[in-house]
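These protein sequence lines map, in sequence, to chains A and B. In this text, residue positions in the first sequence follow this note's numbering: the first is 1, and each later residue adds one. In this text, residue positions in the second sequence follow this note's numbering: the first is 1001, and each later residue adds one.
Quick caveat, the hints were computed from the structure, so don't treat them as lab data. Treat the numbers as computed from the prediction; the structure is a model and nothing was measured. There's no promise every hint is true.
Example chain A residues on the side facing chain B (calculated, C-beta under 7 Å, incomplete) [claimed, not checked]:
no., residue
1, D2
2, R41
3, E43
4, I91
5, L329
6, V397
7, T404
Glycine residues also receive a C-beta, built at the ideal position from the N, C-alpha and C atoms.
Single-letter residue listing:
There are 2 protein chains.
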Amino acid sequence: MDYFKYTNVMREKLGREGLSLEDMEGIGDMAYRRIMEKYDREELGFMEVIYRDIGEYSLNHRYREFKYILVIGMGGSILGTQAIYEGVKGIYANELNEKKVFFLDNSDPELLYSILRIVDLKETLVFVVSKSGNTVETLANFFILKEMMEKKGCGKDNIVIISSGGVLKEIGEREDYQIFEIPENVVGRFSVLSSVGLVPLSAMGVDIERLISGARDMDKICRRDDLFKNPALMNALIHHLFLNRGKSISVLMPYMERLYRFSMWYRQLWAESLGKDGKGQTPVAALGAKDQHSQLQLYLDGPRDKIITFIRVKRFRGDFNIRYRGHYLEDHTLSQLINLQQLGTERALTARGVPNLSIVLKDLDEYTLGKLIYMYEMTTAFMGEMLGVNAFDQPAVEEGKRITRELLEGRAKGEEVLEEYVIKI
Amino acid sequence: MDYFKYTNVMREKLGREGLSLEDMEGIGDMAYRRIMEKYDREELGFMEVIYRDIGEYSLNHRYREFKYILVIGMGGSILGTQAIYEGVKGIYANELNEKKVFFLDNSDPELLYSILRIVDLKETLVFVVSKSGNTVETLANFFILKEMMEKKGCGKDNIVIISSGGVLKEIGEREDYQIFEIPENVVGRFSVLSSVGLVPLSAMGVDIERLISGARDMDKICRRDDLFKNPALMNALIHHLFLNRGKSISVLMPYMERLYRFSMWYRQLWAESLGKDGKGQTPVAALGAKDQHSQLQLYLDGPRDKIITFIRVKRFRGDFNIRYRGHYLEDHTLSQLINLQQLGTERALTARGVPNLSIVLKDLDEYTLGKLIYMYEMTTAFMGEMLGVNAFDQPAVEEGKRITRELLEGRAKGEEVLEEYVIKI
């Protein structure tokens, strides 16, 4: 059985800091109604897109022959794909699998430089992903690669465009690359279950049918209008209530290496959807058990400004017996250790009055990842309504982009270093 | 010239939210005096250990012949080593270098399982690092590996112990492994410039002499009793003043992939040193430019609870010209793009009143990494004095460990899942 547990936010366990059932009345219903109205007005593409025929996402050529896959994209165009790829294929997948997958998600030239030293471009299938088609880092990397690939005689089958417009789509049409559209009403950070994620993931060997099947099953669960049966609505409500009580930080802490990228995906979803008009809650991506040796002291005894969500998975791929005589670890397995560490940490936090939630899964695979992803998309949508912000735009980021463009075009002055307020080091 | 810039926290740039010179009086002197007194009482081993002869850190056998290096450790026993290794050797180092380096820093069995599928244990040099010698994840992984290595006929040269006691040192002595001590007065998260980091880093081909030389030069700078010439004291003071003004989160955001692990090292240092007695500031590890597409909306327009530190490096290894005709990126390089993105973001934040600092380096190498590491160690030490906490202990983490041990020994009951407050998903 997979479950969402909110015992450790309730008064019975948490004491004075905890919630009572009365605290939960009202707000959930309002948020639920508004989201369903937005859905009825066809504003919430992420809820529609999971019902498309997955046949739409097929490549028109023999992509299996490529030895390398490279995805170019930023933020919502790539974080979900990384989360699912790593969640399914595991850590060190490139060292262990024949097909090598790379993600080009920064304008740091060393990233491109390193990847180019590893891959053979002729054997590389490149996905260029940008909804606007104008994302500057994506274009910069793509312009450089495209020139190199043309020099090496790569064909049009090497490049696949996933975009709805801009320079990128223009190039795709002119060069006759295969192009996948992103539905207009699907926002970047909510787009992993559209062509954005499904086209490259399918080429990477991820079972996208199972993934979508998990999302669809979770959709049914998240449409229940009973708060106590709807994990996304309950999760949003609990975060909302604790944000109002000063918990300005939401930590997501899975106890499994394969889920670290999922936390990074969540981190964008939560920050960019809710962080506006002075509102929002800062997401923190943590990882158990390792962060017990890095962040736990702060969580237990620092400022009371956090709510923590654990994800625990019961089954690991491969396990080991510990046989060292006379030590208390003797006759345990590593998976027992990590799962009991999670439980020990949860109890220590609860005893200190730190609210914490748990998602417990029997297994982590395409199906459960589809469920998790969709549950968090719905949680974020509900939370936006509770906070009274539009969870589906990101107006503030345009400012830095504008200044950068002015600097690039020479219309703004570069850095002046004044002696005042500078210390040489 | 390398420099620390605090212009964008001052009233001239930041407006009403900014600091004036009067705000800075007094507290810095007190913290400086207390740290120097602690140093005189020989309580601050991290300030002494950088003056040891680095000849101490040599392995007694032909370690160069090993094809794989594996470091086992948690928290302060491994985060600094990872930061320096990745900072020097770069991302994708295993794909590009002959010597492959792995870090076993979790109790997730899949991590060990994946590493074992890649390495040949007979050709693997294993460093087991734990100051107490009793760290449970480290012992669990080591117990399993030790048994496997014995079965494969690995010799005592395969294993090196870095520890000051506990089960680990006992085993080291019994089995006649080479053992490196960690000085008693050097705390785990401040220990990377002791045997903890220097022994494995040297075997990985990092120039530890240059690293230590950077730290020693920074030590001179951080001993200046003039706030306006001491970057660690100034950095601590600024963080302290803004924490008092409600900036409960400190974001470290380098614009270079090679520095991401440095942020993870900083994250432990800041959290575990300062997060106690209800005090502290939550560190967040961010990475530019990629997090502009994930966290920047929140930083610009969310709650005003952050102070941000950028690290910008002028020179990259390898760079690329962008030649796409007619686009505003034409005739720029990728390194220009990322550095101007940092500047654009800095200006956008300043315009919104978000305090931000910059560390600007000409180059990132062993020398500048040594400087950075030491500057942050000193910053943290000064900040502890300003907050009035002991930066060199971590008492709260014992609780979770105790509960986990009771669960392992069967002295505490495992999880009960009550129907109440649980939603099936």
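### Query
Close enough to count: is the Cβ of I91 of chain A nearer than 7 Å to one in chain B?
holds, 6 Å
#### Entry: Hint status (Cβ of L329 of chain A to nearest Cβ of chain B, threshold 7 Å)
holds, 5 Å
### Query
Should the hint that D2 of chain A touches chain B count as held when the rule is a Cβ pair under 7 Å?
holds, 5 Å
### Task
Closer than 7 Å between Cβ atoms is the bar; does E43 of chain A clear it against chain B? Give me holds or violated.
violated, 19 Å
### Query
Would the hint on V397 of chain A stand, with a C-beta cut-off of 7 Å toward chain B?
Holds, because the Cβ-Cβ distance from V397 of chain A to chain B comes to roughly 5 Å (cut-off 7 Å).
### Message
T404 of chain A was flagged as interface toward chain B. Is the shortest Cβ-Cβ separation under 7 Å?
### Response
holds, 3 Å
### Query
How about R41 of chain A: closest beta carbon in chain B under 7 Å, or not?
With a minimum Cβ separation of about 24 Å from chain B (threshold 7 Å), the hint on R41 of chain A is violated.
Going through the hint list in order, the structure does not satisfy hints 2 and 3.
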